[in-house]
Amino acid sequence: MADLSVNIAGVEFSNPIIAASGTIGFGHEYGELYPLSVFGGISCKGTTLKERPGNPPPRIAETPMGMLNAVGLQNPGAEHFINVELPWLKKQNTVVIANAAGSTESDYCEITELLSDTDVDMIELNISCPNVKAGGAQFGTSPESVEKITSAVRRYCKKPLIIKLSPNVADIAAVAKAAESAGADAVSLINTLTGMRIDINTRRPIIRNITGGMSGPAVFPVAVRMVYQVKKAVKIPVIGLGGISTWQDAVEMMMAGADAIQIGTILFTDPYAPVKISEGLHGWLDTHDMKSVTELTASVITD
Amino acid sequence: MKFDAQDCILVGKYRLTPTIYDFRLKNAQLAEITKPGQFAHILIPGKTLRRPISVCDIEDDIIRIVFEIRGDGTRILSECEIGDKINIIAPLGKGFDIPQDKKIAFIGGGIGVPPMLYSAKRAGENSVVINGFRDKSAVILTEDFNKIGCRLIETTDNGTYGIHGFVTSPLEEIINDIDMICTCGPTPMLKNIYKIAKKHNKPCFVSLEQRMACGVGACLGCAVGIKRADGTVTYKHVCKDGPVFNAEEVAW
Chain A
548 MADLSVNIAG VEFSNPIIAA SGTIGFGHEY GELYPLSVFG GISCKGTTLK
598 ERPGNPPPRI AETPMGMLNA VGLQNPGAEH FINVELPWLK KQNTVVIANA
648 AGSTESDYCE ITELLSDTDV DMIELNISCP NVKAGGAQFG TSPESVEKIT
698 SAVRRYCKKP LIIKLSPNVA DIAAVAKAAE SAGADAVSLI NTLTGMRIDI
748 NTRRPIIRNI TGGMSGPAVF PVAVRMVYQV KKAVKIPVIG LGGISTWQDA
798 VEMMMAGADA IQIGTILFTD PYAPVKISEG LHGWLDTHDM KSVTELTASV
848 ITD
Chain B
1148 MKFDAQDCIL VGKYRLTPTI YDFRLKNAQL AEITKPGQFA HILIPGKTLR
1198 RPISVCDIED DIIRIVFEIR GDGTRILSEC EIGDKINIIA PLGKGFDIPQ
1248 DKKIAFIGGG IGVPPMLYSA KRAGENSVVI NGFRDKSAVI LTEDFNKIGC
1298 RLIETTDNGT YGIHGFVTSP LEEIINDIDM ICTCGPTPML KNIYKIAKKH
1348 NKPCFVSLEQ RMACGVGACL GCAVGIKRAD GTVTYKHVCK DGPVFNAEEV
1398 AW
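The listed protein sequences correspond, in order, to chains A and B.
Just so we're aligned, residue 548 is where the first sequence starts under the numbering used here, counting upward by one.
Just so we're aligned, residue 1148 is where the second sequence starts under the numbering used here, counting upward by one.
Since the hints were made in silico from the structure, they are not lab data.
Quick reminder that beta carbons are idealized off the backbone N, C-alpha and C, glycines included.
Among these hints, one or two may not hold up.
Computed spacing ranges between beta-carbons, pair by pair [said to hold, decoys possible]: (1) V631(A) to D1154(B): 31 to 39 Å; (2) K782(A) to W1399(B): 53 to 61 Å; (3) P1165(B) to P634(A): 50 to 58 Å.
Residues of chain A placed beyond 10 Å of chain B at every Cβ, according to the derived structure [what the hints assert, rightly or not]: (4) N554; (5) V558; (6) G624; (7) E626; (8) P634; (9) D666; (10) T688; (11) H829; (12) D850.
Throw the hints in and build the complete structure from the sequences for me.
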């Protein structure tokens, strides 16, 4: 059987499938169905310094082959994450990635400093959440702002630092390059695309926040394109996500340039997706006589 | 095992009204652990999001769901045929706690009626069931409730069947004879029932709905405002903390 392990910024993953932040909480629920070690890693729910209540409901709307969400970073705060969730997660035999969020530059620095002194394996900086009024995506929308927040946080970050990028930008490659030059160890993309649905009977937006982040199979081709562009622009590892639903999607995303992948929305449709993707990857690699999953990365032929 | 995603076989399909369907899903493992008021999260072919539907009844290895066509997803579900495999995540959520020594009123409104059946069955002859419908054409499950030996009161908004009016009028007549209320239905109905319960100092448990994604408590999509002891409001989640909540805690 082929080797599924990957190394991202010095951290060893048993397989390239990572649970995407915001879709798996802190792992307890899907951990009822299978050992969390089916994931190479878990990117935990976006965590802020203090507890956040999140947005008023409704927070969810369905879209053709996808969905919108505007949860608004509801989370129990850094202290709870560090004292309650992290000790349990560290026993699950999977890479633990903390997802750090905030409203101001100093928030991001402070939470990164806090998390750096814990057992988390990596920190993913969430500068691309479209559903909060202050912070979130405002830091992720231009190369200049990404460079500024990444350099600021880098000074406090003692863990491998992943910058999670927003697709709601004009030039994704320029944004990724800015993160790299400011000291990011890896980038992950794409976060959700900002979308909106209206109930034509009530004339009101379905989501109370009016707009939400779009995810699911519908965004997959956008994600593949952006990962392809970013891989050509940077030397640091690229984690590809956005609508991956099948092992074929996983192979495609890696061919586009991903060193590892994240899956999210598909968990809601099929909780067993990580198991099936892992089996499918093994099957593909064996059939094509590949020894390691890393051979897939950026193997797309464009000439 | 608390819950699982498994295939069921559709072994019975009945059309109760032009828009309401009664499905019998065979899966012994999941049926055995399902409690009253819990729900199943049902995979719809071609859809990203599953549809949460309350369990109407459990009989041996059969999970019975009764649902209304509300949109595209439930329409696709209604087109499934006997013998089809339907994937569900179940049982989910916290259902009704049904003490055997209490006299309980189970109140259902419209498509909130089905989950009352399994719940009232657990309480047996000691229970009073009040079911409210829009009009005669929307009345469902009368025979099923009669079979379990409860006292059954039915109302229609326009008086075309049963008592003319809302479920709240018969409730006010019997409220002194009962110890607690379990209810599911439209939010305005739940609010009015809670007001009556509060006035008479009776515990009241409501089953709530919200647009849902994961169904298991991971994504935090299906938020409902809950009052904290200090008066501030926090968000809990219909799928994992509910769907049944103490009405006293809900930020109405």
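Comparing the hints with the structure gives:
no., hint, in the structure
1, V631(A) to D1154(B): 31 to 39 Å, "35 Å, holds"
2, K782(A) to W1399(B): 53 to 61 Å, "56 Å, holds"
3, P1165(B) to P634(A): 50 to 58 Å, "55 Å, holds"
4, N554, "28 Å, holds"
5, V558, "23 Å, holds"
6, G624, "13 Å, holds"
7, E626, "17 Å, holds"
8, P634, "19 Å, holds"
9, D666, "22 Å, holds"
10, T688, "25 Å, holds"
11, H829, "22 Å, holds"
12, D850, "36 Å, holds"
The structure meets every hint from the earlier list without exception.
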